[in-house]
Amino acid sequence: MDICFIDLTVEFLAVAFHSILYYANVYPKSIFETRRKYSIVVYHSIHPEVNQYIDMCLRSISECFKTGHLSRVVFAITDDGHHPLLKFVFDFHKNVCFDDAKDAYLVQTEQNLRAFLLKLSSISEKFNKLPEDISFTVYLHTNESTAVAITTNPSLEDFPLIENEENTAESSEILPLRSFPVRSYNMDVYMEMMTL
-16 MDICFIDLTV
-6 EFLAVAFHSI
4 LYYANVYPKS
14 IFETRRKYSI
24 VVYHSIHPEV
34 NQYIDMCLRS
44 ISECFKTGHL
54 SRVVFAITDD
64 GHHPLLKFVF
74 DFHKNVCFDD
84 AKDAYLVQTE
94 QNLRAFLLKL
104 SSISEKFNKL
114 PEDISFTVYL
124 HTNESTAVAI
134 TTNPSLEDFP
144 LIENEENTAE
154 SSEILPLRSF
164 PVRSYNMDVY
174 MEMMTL
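Each residue of the sequence shown is one higher than the last, beginning at -16 in the numbering used here.
It is worth saying that the hints were derived from the structure and are not from the lab.
The beta-carbon is built from N, C-alpha and C at its ideal position, and this holds for glycine as well.
Treat the hints with care, since some could be wrong.
Pairwise CB distance ranges, derived in the manner of DEER restraints [said to hold, decoys possible]:
| no. | residue 1 | residue 2 | range |
| --- | --- | --- | --- |
| 1 | S22 | S162 | 17 to 23 Å |
| 2 | E115 | V(-7) | 26 to 32 Å |
| 3 | N78 | S22 | 20 to 26 Å |
| 4 | P159 | D62 | 46 to 52 Å |
| 5 | R19 | Y88 | 16 to 22 Å |
| 6 | K49 | K112 | 36 to 42 Å |
| 7 | P114 | D38 | 23 to 29 Å |
| 8 | N126 | S22 | 32 to 38 Å |
| 9 | E115 | T135 | 36 to 42 Å |
| 10 | S107 | H30 | 18 to 24 Å |
| 11 | E115 | D(-10) | 33 to 39 Å |
| 12 | V79 | E16 | 37 to 43 Å |
Cut-off 16 Å, straight-line C-alpha distance, at most; resulting in silico cross-link-like pairs (EDC-like, lysine to aspartate or glutamate) [as the list claims (entries may be wrong)]:
| no. | residue 1 | residue 2 |
| --- | --- | --- |
| 13 | K49 | E(-6) |
| 14 | K49 | D(-10) |
| 15 | K112 | E156 |
| 16 | K49 | D171 |
| 17 | K77 | D171 |
| 18 | K102 | D171 |
| 19 | K109 | E156 |
| 20 | K49 | D(-15) |
| 21 | K20 | D(-10) |
| 22 | K20 | E(-6) |
| 23 | K112 | D62 |
| 24 | K12 | E115 |
| 25 | K77 | E156 |
| 26 | K112 | D63 |
| 27 | K20 | E93 |
| 28 | K12 | D171 |
Given these sequences and hints, build the entire structure.
As structure tokens, this is what we get:
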């Protein structure tokens, strides 16, 4: 697995997760601080427990990427019963036409990551319909052997993966957000608003 892809993607997902929490008003605005990333202002939680949970999710994502068996990450905004109301889906596909010399300095990649974050802020009015008592969950789509390897990893033993056996709710609206290459992979990002 391309370690540069893993580092770039995990870093981007960290910024995306914190930004989604901010724009969806999952937590009060007062627990966020502004930072600069990809030449724009982004929001980052300063709450230790929220940050610890996100960091553990990102470490699990990184470990799954290293096995080469992570096809999708879903960041779901959930109601008080932990049912998804809104999903941000990050799909990963191997780019068979990858040219190592193209975008060697990652300028185009940074522009695409910035464009996603700007798009996220521009659609934030769609989050106004969410109830007040909401939370979030991160779903990783991987295979069974990778899940077992993650659960036996000593650095992640306090953060086990749990198999999701719920039926998937039907979405009422799908909004494509961005599709772009990141090194040897293509990333497709879209938002699903669930039928209530």
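Going down the list of hints, with the structure as the test:
| no. | hint | result |
| --- | --- | --- |
| 1 | S22 x S162: 17 to 23 Å | 21 Å, holds |
| 2 | E115 x V(-7): 26 to 32 Å | 31 Å, holds |
| 3 | N78 x S22: 20 to 26 Å | 25 Å, holds |
| 4 | P159 x D62: 46 to 52 Å | 24 Å, violated |
| 5 | R19 x Y88: 16 to 22 Å | 19 Å, holds |
| 6 | K49 x K112: 36 to 42 Å | 38 Å, holds |
| 7 | P114 x D38: 23 to 29 Å | 27 Å, holds |
| 8 | N126 x S22: 32 to 38 Å | 37 Å, holds |
| 9 | E115 x T135: 36 to 42 Å | 39 Å, holds |
| 10 | S107 x H30: 18 to 24 Å | 20 Å, holds |
| 11 | E115 x D(-10): 33 to 39 Å | 36 Å, holds |
| 12 | V79 x E16: 37 to 43 Å | 41 Å, holds |
| 13 | K49 x E(-6) | 15 Å, holds |
| 14 | K49 x D(-10) | 11 Å, holds |
| 15 | K112 x E156 | 14 Å, holds |
| 16 | K49 x D171 | 19 Å, violated |
| 17 | K77 x D171 | 11 Å, holds |
| 18 | K102 x D171 | 14 Å, holds |
| 19 | K109 x E156 | 11 Å, holds |
| 20 | K49 x D(-15) | 8 Å, holds |
| 21 | K20 x D(-10) | 15 Å, holds |
| 22 | K20 x E(-6) | 10 Å, holds |
| 23 | K112 x D62 | 12 Å, holds |
| 24 | K12 x E115 | 13 Å, holds |
| 25 | K77 x E156 | 27 Å, violated |
| 26 | K112 x D63 | 15 Å, holds |
| 27 | K20 x E93 | 9 Å, holds |
| 28 | K12 x D171 | 28 Å, violated |
Checked against the numbered hints above, the structure breaks hints 4, 16, 25 and 28 and satisfies the rest.
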